[in-house]
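Counted the way the working numbering counts, the sequence shown spans residues 157 to 585.
All the given hints hold, so there is nothing to weed out.
Here are the simulated SDA-like cross-link-like pairs (lysine to any residue), alpha carbons at most 25 angstroms apart as the crow flies:
no.	residue 1	residue 2
1	Lys202	Asp272
2	Lys202	Thr243
3	Lys202	Arg278
4	Lys202	Pro262
If you're looking for bench data, these hints aren't it; they were derived computationally from the structure.
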Amino acid sequence: MDAPRTNPPSHTGRPPRLKTSTVDPRSLSQAGATRELLQLADQCVKCGLCLPHCPTFQQARQEADSPRGRIALIQGWASGDLAMTPTLAGHLDGCLGCLNCQRVCPSEVAYGRIADQAKALRTAAVPTPRRTLDRLALGALSNARLMGGFAWLPRLYRDLGLARLAELIRLDRIPALRPYHRMATAMGAVARPIAPRNPERADIDLFLGCMGSAAQGRAVEATLHVAARLNLRLRIASPDTCCGAMLRHNGLPAQADAQRDACARIHGDRPLVGLASACVAELRGDPALRGTRELCDFLDGVEWPESLQIRPDRRRVLVHEPCSHRNQLGGNAAVHRLLGRIPGLAVAPLPPGQGCCGAAGTYLLQHPAMAEALLADLLAPARLDAPDVIVTTNPGCALHLAAGVREAGLDIEVLHPVELIAAALDPRA
Numbered sequence: 157m158d159a160p161r162t163n164p165p166s167h168t169g170r171p172p173r174l175k176t177s178t179v180d181p182r183s184l185s186q187a188g189a190t191r192e193l194l195q196l197a198d199q200c201v202k203c204g205l206c207l208p209h210c211p212t213f214q215q216a217r218q219e220a221d222s223p224r225g226r227i228a229l230i231q232g233w234a235s236g237d238l239a240m241t242p243t244l245a246g247h248l249d250g251c252l253g254c255l256n257c258q259r260v261c262p263s264e265v266a267y268g269r270i271a272d273q274a275k276a277l278r279t280a281a282v283p284t285p286r287r288t289l290d291r292l293a294l295g296a297l298s299n300a301r302l303m304g305g306f307a308w309l310p311r312l313y314r315d316l317g318l319a320r321l322a323e324l325i326r327l328d329r330i331p332a333l334r335p336y337h338r339m340a341t342a343m344g345a346v347a348r349p350i351a352p353r354n355p356e357r358a359d360i361d362l363f364l365g366c367m368g369s370a371a372q373g374r375a376v377e378a379t380l381h382v383a384a385r386l387n388l389r390l391r392i393a394s395p396d397t398c399c400g401a402m403l404r405h406n407g408l409p410a411q412a413d414a415q416r417d418a419c420a421r422i423h424g425d426r427p428l429v430g431l432a433s434a435c436v437a438e439l440r441g442d443p444a445l446r447g448t449r450e451l452c453d454f455l456d457g458v459e460w461p462e463s464l465q466i467r468p469d470r471r472r473v474l475v476h477e478p479c480s481h482r483n484q485l486g487g488n489a490a491v492h493r494l495l496g497r498i499p500g501l502a503v504a505p506l507p508p509g510q511g512c513c514g515a516a517g518t519y520l521l522q523h524p525a526m527a528e529a530l531l532a533d534l535l536a537p538a539r540l541d542a543p544d545v546i547v548t549t550n551p552g553c554a555l556h557l558a559a560g561v562r563e564a565g566l567d568i569e570v571l572h573p574v575e576l577i578a579a580a581l582d583p584r585a
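Just need the whole structure built from these sequences, with the hints factored in.
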């Protein structure tokens, strides 16, 4: 069935100007950025081939929640034809940034750049006090030293029974608190303090980023175990820094570039490997970091000692493919090859649902209703197939999946693929 077509406002046709208060991007100092934004947006011919691949359009069935609809709204606002009302902002902010549309676009529209540049222009026009608060909050979340230092908090929240208490008194049902409770509870199972490592003649740098200890600590421990069995020497920098993706997608490109530049100074002259697919995708945007490898791809390509013994594992595993892995890193075939080294392991892809699990960086905190709706659709096959494990290569996806599995009462572990490899490597060999 053809995607429904409407004629959303375009800067080439001028609908009546809205009477509400406006933010006019043409009045900003970034006039050149606005012109570039419109040039990028003009590449979209509104064919609608992306609509079946857009998770939010599939959920909402509204043109304004589709890629071409959002581009048309951006065109209308950037050219001054539309006011930035709460409704318009809601449609733009509802984008997951999954880039499914960009992957299938026959015109190769750079939707990711359009969305990020529009967000940056909008953020620059936000009143200074609110913009400062947002910048401080995002700065804290993307501070690797700060987040690493507080990685013990989620474990305390879980181990002291505070998470259970919150559920008993139904604090987890309060909309403003629910997404944070879900993430803190999920992080409590995986957070680990990770000490810096600087061995002589290290083979590679392991990129932890801002959330490595808090969101992937258990996977980092597994990585260190696997590396030792493969005779690889890993360096973990201190302090590491954020890749910048969180800042970029929330309208702070200068701060994002500064973070990524810091990564280049720390790691630019060394082989770099990352556990998080979204971080790897962001790092590759810097010329000095273009060779950054995703962990499973790296492990699949190195030489494994012939004497290494791998224990059989009879569990059933569904492989979740994060949007960043599918749309920016070229797919997760290496994950399947890596897991194929484990004898007896039954591995199959997790059907993609509507194309995104709903985590999408900070999206699951900012738009919890849509995030949970997409997750429910994704987990539907798992309810029927009853796998033992779901693996994924992105920490935000892993936390979101773990929260959904727990809430659904499913007896399924959510792991990074390297955790299965670590468990299968016989320490006696």
